[in-house]
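Student: Sequence:
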Amino acid sequence: LLGRYRHQSYPLPPEFGQPSNSETLGETLDRTSPQDLQKECTNEPKYVDLNVFLELHKGIMENLGQRQYVRDIGVLESAFHRPQWMFYYSEAQSIPSLFRMAAGLGESVIKNHAFLDGNKRAGHLAISMFLAINDYDLVADDASTEKITIGVATGDVNIDILESWITSNVKKRE
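Under the UniProt record's numbering, think of the first position of the sequence shown as 1, with each following residue one higher.
Please note: incorrect hints may appear among the correct ones.
Claimed, not checked - Derived SDA-like pairs: lysine to any residue, alpha-carbon spacing no greater than 25 Å straight-line: (1) K111 <-> D49; (2) K58 <-> S164; (3) K111 <-> E174; (4) K172 <-> L116; (5) K111 <-> R67; (6) K147 <-> A132.
It should be emphasised that the hints constitute simulated quantities derived from the structure, not laboratory data. Because the structure is a prediction, the values reported are computed rather than measured.
Please model the entire structure based on the sequences and the hints provided.
Tutor: Written out as structure tokens, the structure reads:
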């Protein structure tokens with residue numbers, strides 16, 4: 001199953017057990033103020049490899065005593081292509097921020113229900129991985145994370161709110 005789906009692959013940061021990629025995203029993403037963090041990303045970001053995500057998600061589910069049941073790999077694959085689609089085909093005629101792309105990925109994973117169980121957890125993992133491979137850490141507490149992912153699942157939180165939450169809860173890696 002995993003070998004059939006080929007995606008652009010990028011090494012994960014060392015805490016994911018793989019060597020770090022020494023490439024940087026350039027000056028645009030080296031800014032540290034919240035206003036600068038929200039500005040457009042002019043260099044293409046790194047994207048999460050679906051196969052790596054599925055392996056990590058499987059491990060998380062097993063640690064929780066649950067099994068990973070993929071209900072629809074097609075909608076999951078679609079969710080993982082959303083950040084690329086947003087980067088290349090943005091309706092705003094400008095490149096979306098890195099955090100908007102993370103929000104789009106998370107929203108799609110949560111709302112597409114690719115898994116029988118654990119879609120909110122999977123959405124949070126996807127957001128965290130996307131940010132991590134692009135040199136950011138999601139630093140939100142558990143209560144805030146639970147509230148925002150439930151809000152996305154129920155439709156009370158849209159991509160704009162999720163993007164704002166991500167922007168307020170990230171830390172640039174040094």
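Student: When the structure is checked against the list of hints, which entries are broken? Sort them ascending.
Tutor: Checked against the structure, the hints that fail are numbers 2, 3, 4, while the rest are satisfied.
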